[in-house]
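Colleague: Below are the chains, spelled out letter by letter.
2 protein chains.
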Amino acid sequence: MHPDSFSADLIAARIDTAAERIAPWIRCTPVEHTGFLSRLIGGEVQMKLENHQITASFKARGAFNALLAMDADQRRRGVVTSSTGNHANAMAHAMPLLGIQGEIWVPETVSPVKRAQLEMRGAHLKLVGGDPGEVEALARQEAERTGRVYVSPYNDHDVVAGQGTIARELLEQLGDFDEILVPVGGGGLISGISAYLKAHRPAIKVTGVLPENSPVISESVKAGQLFEVPWTESLSDATVGWAEHGSITFPMCRDWVDDWILVSEARIRESLKMNIDMHSMLVEGAGALAGGALLADPARFAGRRVVLLICGARIAASTLAKVLAAG
Amino acid sequence: MHPDSFSADLIAARIDTAAERIAPWIRCTPVEHTGFLSRLIGGEVQMKLENHQITASFKARGAFNALLAMDADQRRRGVVTSSTGNHANAMAHAMPLLGIQGEIWVPETVSPVKRAQLEMRGAHLKLVGGDPGEVEALARQEAERTGRVYVSPYNDHDVVAGQGTIARELLEQLGDFDEILVPVGGGGLISGISAYLKAHRPAIKVTGVLPENSPVISESVKAGQLFEVPWTESLSDATVGWAEHGSITFPMCRDWVDDWILVSEARIRESLKMNIDMHSMLVEGAGALAGGALLADPARFAGRRVVLLICGARIAASTLAKVLAAG
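Residue numbers (numbering that gives the first Met the number 0), protein chains in the order written: chain E, 0 to 326; chain Z, 0 to 326.
Because the hints were derived from the structure by calculation, they are not lab data.
Careful, some of the hints might be misleading.
Stated by the list, open to error - Think about it this way: if two alpha-carbon atoms lie no more than 20 Å apart in a straight line, the pair counts; the simulated SDA-like pairs of lysine to any residue are: (1) E/321 x Z/324; (2) E/113 x Z/277; (3) E/113 x Z/269; (4) E/272 x Z/96; (5) E/204 x E/297; (6) E/321 x E/263; (7) E/272 x Z/320; (8) E/321 x Z/321.
Work out the full structure: start from the sequences and follow the hints.
Modeller: Dropping the structure here:
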């Protein structure tokens with residue numbers, strides 16, 4: 000990896016290229032003002048609705064950009080990817096539209112609903128034993144062995160550039176604001192967004208939001224290196240677990256993210272319900288993180304113009320039933 | 000009412016005017032292909048996502064069109080409207096943006112969540128005893144007494160024209176299709192849509208979908224006149240109850256709607272859950288009607304290109320909890 004790859008200006012230029020490349024395939028998602036949260040904090044709160052993106056998550060941006068960035072020979076050979084979640088769903092959506100073959104490696108413990116969604120899209124699944132990190136490593140090895148491109152859910156410059164197109168859209172839609180709250184798992188989303196904002200509007204504060212149960216990137220940044228931070232399950236299942244060793248997202252998070260907020264499971268549940276009652280929209284656990292941060296500490300945001308990145312809506316009805324029953 | 004008001008061509012022209020007028024204020028909502036329902040029926044199923052419209056329902060279209068159609072004097076005097084639901088929410092959203100004052104008359108039995116949503120938007124509510132039909136009649140009398148415009152949720156040419164802009168968008172987005180399934184309560188939505196399609200693409204079949212528990216318009220059409228069809232509560236709460244005596248929507252439904260399908264409560268619940276699991280989106284009961292019709296009788300749609308109008312997403316978390324707990 001050339002060190003210049005980590006210049007915010009260079010990544011911002013890749014994001015501009017990505018935005019034009021993926022435009023025919025993705026939705027320019029709305030920004031919606033929330034009266035409820037604005038009153039709560041005594042400021043102005045806008046929501047960027049990637050829960051209404053095609054495939055119901057921002058991951059469609061990175062998936063399309065990675066596939067469209069491939070040359071003719073790479074496209075002909077096809078791809079391997081691994082994910083149980085939103086990245087897999089986005090890849091399964093994008094591959095047939097672009098006429099690219101590929102395998103999606105998923106842990107054999109994948110839920111029946113997620114499997115049905117992938118199969119609905121005609122995905123070629125490979126069920127593998129092991130935890131998500133192990134499946135990721137095996138899929139990468141298989142791609143290398145067979146001369147195919149491996150498309151990581153976050154550890155990939157084209158994926159990061161695709162996710163960063165959200166920041167470009169936001170600046171067009173909103174002009175200026177003070178702070179953006181971005182959910183963080185492997186860090187692909189916040190890396191792209193912070194690169195673009197540092198390049199174009201460095202005064203905007205970029206804050207990562209994570210579940211208390213899995214503060215992998217924030218603890219790693221504190222420690223100065225990626226390490227195996229203990230984590231447990233969270234309703235925000237899209238943001239749990241370890242980032243791949245040597246992930247390109249680590250130095251980006253270390254250098255460009257201004258603050259970190261950890262959100263409790265209770266606040267994630269509260270935010271999810273609030274989004275149904277006050278905004279009439281479905282969010283998954285990770286999509287509820289930013290709202291949960293406001294509910295937990297409204298005073299921190301007093302007088303500010305805040306953007307919440309609502310990253311996705313992929314939650315099973317059975318999981319939602321449990322959240323709503325919890326009262 | 001001049002009889003020409005019921006010409007599909009004239010209403011289609013009003014819809015073209017409305018589309019340009021409301022464009023800065025509403026979202027051109029996505030059309031989304033569903034692999035799951037396409038396989039189920041052995042055809043091609045697209046969903047028009049008015050659940051992702053601003054205010055989470057198509058009602059924003061009619062509300063903005065009615066308000067923007069008023070002259071300066073009418074705007075200065077302000078409006079009266081009545082609704083407990085999506086029309087009230089849309090009016091409460093639109094009025095402050097357009098600088099128009101108004102009162103929203105709601106039954107005093109309105110749910111706390113609906114009241115909180117309206118108050119979040121700064122609405123001036125007037126709580127009145129009586130069922131929704133009685134409140135509607137009182138609000139209309141009050142508007143006449145005070146020289147203000149009454150904006151009916153459905154019995155209004157500008158409201159019908161606003162809702163009809165959905166059909167214009169659909170023809171731009173999809174070109175051709177065979178049939179569209181449209182939820183029907185007071186009939187404002189299907190009147191606008193069927194007028195536009197009869198004027199521009201008369202071969203497209205327009206089918207009204209209603210809850211079995213409240214087949215008011217379909218039974219009235221069968222009988223040849225609007226009458227007080229018995230009805231009970233439904234999960235599709237936005238489509239229950241009587242249409243106002245003499246409603247302009249009755250002759251439109253009678254002349255332009257090609258077929259009617261009644262949907263059971265069990266199928267509405269099943270469709271609502273299916274939309275969470277397979278499409279990762281929130282729909283209210285009325286938004287689940289069209290999908291419920293496909294789940295109940297897939298064979299009826301075999302080989303067809305069908306559009307489902309997903310009309311809204313405004314469902315309380317407490318109601319959703321009961322639906323999901325019902326298993």
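Colleague: Provide an ascending list of the numbers of those earlier hints which the structure does not satisfy.
Modeller: Number 4 - this is the single hint that the structure violates.
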